[in-house]
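Turn these sequences into a full structure, and let the hints steer you where they fit.
Single-letter residue listing:
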Amino acid sequence: EVQLVESGGGLVQPGGSLRLSCAASGFTFRNYYMNWVRQAPGKELEWVANIKPDGSDTYYADSVKGRFTISRDNPKSSLYLQMNSLRAEDTAVYYCARGFDHMFDFWGQGALVTVSS
Amino acid sequence: DVVMTQSPLSLPVTLGQPASISCRSSQSLVHSNGNTYLAWFQQRPGQSPRRLIYKVSNRDSGVPDRFSGSGSGTDFTLKISRVEAEDVGVYFCVQGTHWPPVFGPGTKVDIK
Chain S
490 EVQLVESGGG
500 LVQPGGSLRL
510 SCAASGFTFR
520 NYYMNWVRQA
530 PGKELEWVAN
540 IKPDGSDTYY
550 ADSVKGRFTI
560 SRDNPKSSLY
570 LQMNSLRAED
580 TAVYYCARGF
590 DHMFDFWGQG
600 ALVTVSS
Chain L
303 DVVMTQSPLS
313 LPVTLGQPAS
323 ISCRSSQSLV
333 HSNGNTYLAW
343 FQQRPGQSPR
353 RLIYKVSNRD
363 SGVPDRFSGS
373 GSGTDFTLKI
383 SRVEAEDVGV
393 YFCVQGTHWP
403 PVFGPGTKVD
413 IK
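These protein sequence lines map, in sequence, to chains S and L. Count along the first sequence from 1, then add 489; that gives the number in the numbering used here. Count along the second sequence from 1, then add 302; that gives the number in the numbering used here.
Just so you know, not all the hints are guaranteed correct.
Here are the computed lysine-lysine pairs in the DSBU-like style, where the Cα-Cα straight-line distance is at most 30 angstroms [said to hold, decoys possible]:
#1 S:K532 with L:K410
#2 L:K410 with L:K357
#3 L:K381 with S:K532
#4 L:K357 with S:K554
#5 L:K381 with L:K410
Covered stretches of chain S (chain L as the covering partner; in silico rule of three or more C-beta atoms under 8 angstroms from a C-beta of chain L) [stated by the list, open to error]:
#6 536-550
#7 589-598
I should point out that these hints are in silico values taken from the structure, not numbers from a laboratory. Don't be surprised by glycine CBs; every beta carbon is placed ideally from N, CA and C.
Take a look at the structure:
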């Protein structure tokens, strides 16, 4: 059974940093693209970042480019999102989502990030 | 970026009755490889999104056959043949044909 479990969410002040993790199991992690997707309160889902199976390429939404970094550790079957220079508008539930054939399939349960003073 | 719209945004339904949600894209979702990367997700209250349909009309494993997807080009539909209580939640479409992937705003389905 595919499982994705996010951790690392919490309350952080504007301008601060936070690192999210996503532990994957139930599939061969190193074979899949992985994504971060977020859902701000009352807003639409927004794709945030994507990383190739071998970690060689990464892609970001314009709203986070230069502030967020996606990475992965294939031997540990883990995905990460380093978030720096956080803003109030980054407040959201962050999901890790597996990518396959131009689409997301499985999602984790989400991690809440709140940016507030 | 592609813009995805859905209608209605709120859909009160009667148990046992059909329901239909429309999703429209600002550009054709036909990929150069001939596939159309349009999916539907269900998000029940307090849960993470679950994919129901991929590539317009393919049902995911374990999805009840009362859910069906159809459409082409820029116009797509998710139908529930007979709504059950467990179908309450938000349904959204997402396109994966053009970069970046874009989600629709979601349609909230609840019981009358």
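Now the hints, each set against the structure:
1. Straight-line distance between C-alpha atoms of K532 of chain S and K410 of chain L comes to about 13 angstroms, which keeps the hinted pair within the 30 angstroms bound.
2. Between K410 of chain L and K357 of chain L the alpha-carbon distance is near 22 angstroms, which keeps this suggested pair within the 30 angstroms criterion.
3. For a cut-off of 30 angstroms, the pair hint linking K381 of chain L to K532 of chain S stands: about 24 angstroms separates their Cα positions.
4. With a C-alpha separation of about 29 angstroms, the suggested pair K357 of chain L and K554 of chain S falls inside the 30 angstroms cut-off, and the hint holds.
5. Between the alpha carbons of K381 of chain L and K410 of chain L the distance comes to roughly 14 angstroms, so the proposed pair stays at or under 30 angstroms and holds.
6. Only when three residues or more bring their CB closer than 8 angstroms to a CB of chain L does the claim for the region 536-550 of chain S stand; here the count is 3, and the claim holds.
7. Against chain L, the region 589-598 of chain S contributes 9 residues with a C-beta closer than 8 angstroms to a partner C-beta. That satisfies the three-residue criterion, and the hint holds.
In this structure, every one of the numbered hints holds.
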